[in-house]
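Q: The chain contents come next:
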Amino acid sequence: MPSIHALANPRRFLSIARPLTPLLVWGGLALFLFGCWAGLTRTPADYLQGESVRILYVHVPAAWLGMGGWSSLAIASIVYLVWRHPLAAVAARAIALPGAVFAGICLATGSIWGRPTWGTWWQWDGRLTSMLLLFFVYLAYLALARADAERDGDGRIPALFGIAGTALLPVIRYSVLWWYTLHQGPSITLTKSTIDPSILWPLGFTAGGASLLFGGIVLMRMRADLARIKAEARMRRRAAA
Amino acid sequence: MSPKRQRMTLALLAVVAIVGAVLLAMSALSDEAAFFYAPADAASAPVDKPVRLGGMVAPGSVKRMADGVTIAFTVTDGKATVPVRFSGIVPDLFRENSGVVAEGKFVAGGGFVADNLLAKHDERYMPPQVAGKMHKSESIAQ
Chain A
1 MPSIHALANP
11 RRFLSIARPL
21 TPLLVWGGLA
31 LFLFGCWAGL
41 TRTPADYLQG
51 ESVRILYVHV
61 PAAWLGMGGW
71 SSLAIASIVY
81 LVWRHPLAAV
91 AARAIALPGA
101 VFAGICLATG
111 SIWGRPTWGT
121 WWQWDGRLTS
131 MLLLFFVYLA
141 YLALARADAE
151 RDGDGRIPAL
161 FGIAGTALLP
171 VIRYSVLWWY
181 TLHQGPSITL
191 TKSTIDPSIL
201 WPLGFTAGGA
211 SLLFGGIVLM
221 RMRADLARIK
231 AEARMRRRAA
241 A
Chain B
1 MSPKRQRMTL
11 ALLAVVAIVG
21 AVLLAMSALS
31 DEAAFFYAPA
41 DAASAPVDKP
51 VRLGGMVAPG
61 SVKRMADGVT
71 IAFTVTDGKA
81 TVPVRFSGIV
91 PDLFRENSGV
101 VAEGKFVAGG
111 GFVADNLLAK
121 HDERYMPPQV
131 AGKMHKSESI
141 AQ
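Taken in order, these protein sequences are the chains called A and B.
The end of the first sequence is residue 241 by the working numbering, with every number in the run present.
The end of the second sequence is residue 142 by the working numbering, with every number in the run present.
If we strip away everything but chain B, and leave its shape as in the complex, we get (with noise of 0.2 Å):
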């Protein structure tokens, strides 16, 4: 082998290695890299520890409660659903059936207590008018 074929096949060996070693490891840190819990991860997440919960807002599950200022709602992956409690000012975008990551932390018995709410936003663009013939976004109950 001439050293220019030599020294190609080591380049590109590194490069396989790389990238390889990288996908390995993103596979099996995608717990540890995850940004947030989803409901059916629920069961192993820490209980009154910061973290955050994500998935979507479950259709019809927004409550207000009598203080006005306090929501209730339910975050589901399919799997599984986690209620929520939030007290504050929701972002713009968040809306029943649509993706919500709220931080804040578990308590006992299963619930979740927010204290900040971001909205997710989904690969999906598109005007108005597609969307209203599509699907009809709910707006979060006033």
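Extracted from the complex, chain A is given alone in its bound form (with noise of 0.2 Å):
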């Protein structure tokens, strides 16, 4: 049962949370519509995809957020079996479903892009199915951690699935730099963009507002994770009295 050291924690954070969770939510919701404005008003189109360029806005964000959040997930994960934090596994289950969503808007984006630019929906080149495998890792993830909490597991058997799914992480990232694929490679590294500046913009918006967005809904699972095992515990409590 939790101990006291256990219960402060989550109380400081609750504290911490519930004021940042609005911000988080409201602020990257205008950020994010503002890019998305920007980005189909405020910028030219492509020399040869024309309009269709401006899917990046949105395909991009989702694609940086459906990896980031399992590398988030995954630290979480390790969190969680290195200092039994039950904080670290309330967040890595409250980030499974943004990141599953993510995912599918990316997946789903990019087959709407594809269709003009490549002229097909769907291919099974190796950048489309590792995405497709990582959205079908964030649902199994998602059954794992529900069938665990079920069954009053301690949440170890999800965090190490965590752990395990990072492996599609570098499939993603590599596979159009080391294998022939459909999928072009990275027009932004770290370094360099070769997205001309005047149609690059707006991605400041939309992936800082998604990224807030993201946040904020995983505090605001998290938080109602946390009241859901607080009520819990006093049933139990009511039960035994």
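It is worth saying that the hints were derived from the structure and are not from the lab.
Possibly wrong hints are sitting among the right ones.
[As the list claims (entries may be wrong)] Residues from chain B shown here face chain A by an in silico Cβ test under 8 Å; the list is partial: (1) LYS4; (2) LEU13; (3) VAL15; (4) VAL19; (5) SER30; (6) PHE36; (7) LEU93; (8) ASP122; (9) MET126; (10) PRO127.
[Claimed, not checked] Heads up, simulated DSS-like pairs for lysine-lysine below, C-alpha to C-alpha not over 30 Å straight-line: (11) B:LYS79 to A:LYS192; (12) B:LYS63 to B:LYS49; (13) B:LYS4 to A:LYS230.
[Unchecked claim] Computed Cβ-Cβ distance ranges for the label pairs, DEER-style: (14) A:ARG18 to B:ALA28: 42 to 52 Å; (15) A:PRO116 to B:GLU32: 27 to 37 Å; (16) B:LEU23 to A:TRP124: 15 to 25 Å; (17) B:GLU32 to A:MET235: 21 to 31 Å; (18) A:THR189 to B:SER27: 11 to 21 Å; (19) A:THR194 to B:ALA72: 25 to 35 Å; (20) A:LEU142 to B:PRO3: 25 to 35 Å; (21) B:SER2 to A:THR41: 50 to 60 Å; (22) B:ASN97 to A:LEU14: 52 to 62 Å.
All C-beta atoms in this analysis are idealised placements derived from N, C-alpha and C, irrespective of residue type, glycine included.
Put the two chains together into one complex; each comes in its own frame, and the hints tell you how they fit.
A: Next up, the structure:
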């Protein structure tokens, strides 16, 4: 049963998370919508792709957050396994659903972009297939975490699965560099971008906004999960009394 | 070593091992995981089996045949070239000096007969004014 130490930390977490949630959600939504508006009306079309280039303002943040989501899920899983901190398990569970949604958005927008650009909705190339696998791995994690919670598991099996799933991240990253793929190589790396600045700039707003939104959703889900745990503990105490 | 440090070492080792194994597997599987054959690999590609050929459409190579629907062009990867024939509708982004993936079969004698073309987009995105200054992108022979 939760020790004083374990209870104290969620309480401190809640006192920070409660005021932070609306800031992240509304701030993120505002940035994201501004970026979308700018991307639709304030940037030129691409010389080859035409207007369909504008999908990148949603597709690229979704891809980053789909992968970044799994990275943070894996870090939370490691923190849980090493320090046995219950809040880390709550965080990993909370990340999985928005991570899956962003991976799904990435796949859907990519498919819509692929039809006019490549001439196909879907091809089994290295990048597309590995991203689809990440989406399925998210769904598997969600099912596993739920099954573990229903059987009063300690969350160790989902945490191990979270670490194992990191295997996909280098595949997604390097598939376009090491394998022949239909998907193009990275346009944006840490040091350079091959997207003209006049097209690129709204991406900062949509990517930043979507990241804040992601954080806000994770905090909301963590708070809901903590409330559920608290309510269940109270029910158990009442039943015992 | 405290149990906590032991678990931390174990977890970090697991991550390093997983990522390392994946990277090794990826480089070993690059032939199996390839989406298409490059012209340089054409010699080792099976003849008369459905495969894909990918590369750049060689500049000046697109020719329209007398029947009006068949086009012929050369796919190059800078090391080798393969002549390709295709009857049908080409994707909007199919043009010379741009990437293409042709689905079809290698035929005896070294050519490739495609039954579908996919345009491969590269990582450069720019407005038409900038593109016009950098290079003249040719549209396909009408």
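Q: It remains to establish, for every hint, whether it holds in the given structure.
A: Taking the hints in turn, this is what the structure says about them:
1. Of the supplied interface hints, the one on B:LYS4 holds, with its beta-carbon coming within about 6 Å of a beta-carbon of chain A, less than 8 Å.
2. A distance limit of 8 Å between C-beta atoms decides the matter here; for B:LEU13 the minimum to chain A is near 11 Å, and the interface restraint is violated.
3. Checking B:VAL15 against chain A by beta carbon gives a least distance of about 6 Å; that is within 8 Å, so the hint holds.
4. For B:VAL19, the shortest C-beta to C-beta distance to chain A is roughly 6 Å, which falls under 8 Å, so the interface hint holds.
5. Interface hint status for B:SER30: upheld, as the beta-carbon distance to the closest one in chain A is roughly 6 Å, under 8 Å.
6. Here the hint on B:PHE36 is kept, as its CB sits about 5 Å from the closest CB of chain A, short of 8 Å.
7. The beta carbon of B:LEU93 is positioned within 8 Å of a beta carbon in chain A (closest approach about 6 Å), and the interface hint is therefore held.
8. Interface restraint check for B:ASP122: the shortest CB-CB distance to chain A comes to about 5 Å, inside 8 Å, so the restraint holds.
9. The restraint placing B:MET126 at the interface with chain A holds, with a minimum CB-CB distance near 4 Å, inside the 8 Å limit.
10. For B:PRO127, the interface hint holds, since its Cβ comes within 8 Å of a Cβ in chain A; the closest pair sits about 3 Å apart.
11. Restraint check for B:LYS79 and A:LYS192: satisfied, since their Cα atoms lie roughly 28 Å apart, inside the 30 Å limit.
12. About 25 Å separates the Cα atoms of B:LYS63 and B:LYS49, which keeps this hinted pair within 30 Å; it holds.
13. Note on B:LYS4 and A:LYS230: the hinted pairing holds, with a Cα-Cα distance of about 27 Å set against a maximum of 30 Å.
14. Between A:ARG18 and B:ALA28 the beta carbon distance is about 50 Å. The supplied range of 42 to 52 Å therefore holds.
15. As the Cβ distance of A:PRO116 to B:GLU32 is approximately 30 Å, the hint placing it in 27 to 37 Å holds.
16. At about 21 Å, the beta-carbon gap between B:LEU23 and A:TRP124 stays in the expected band of 15 to 25 Å.
17. At about 54 Å, the CB distance of B:GLU32 to A:MET235 disagrees with the hint of 21 to 31 Å.
18. Separated by about 20 Å at the C-beta atoms, A:THR189 and B:SER27 satisfy the suggested range of 11 to 21 Å.
19. The hinted window of 25 to 35 Å between A:THR194 and B:ALA72 holds, with their beta carbons roughly 31 Å apart.
20. Distance hint check: the CB atoms of A:LEU142 and B:PRO3 are about 30 Å apart, consistent with the given range 25 to 35 Å.
21. At roughly 58 Å, the beta-carbon separation of B:SER2 and A:THR41 lies within the given 50 to 60 Å, and the hint holds.
22. A beta carbon spacing of about 59 Å between B:ASN97 and A:LEU14 agrees with the range 52 to 62 Å that was offered as a hint.
In the structure shown, a violation is registered for the earlier hints numbered 2 and 17, in ascending order.
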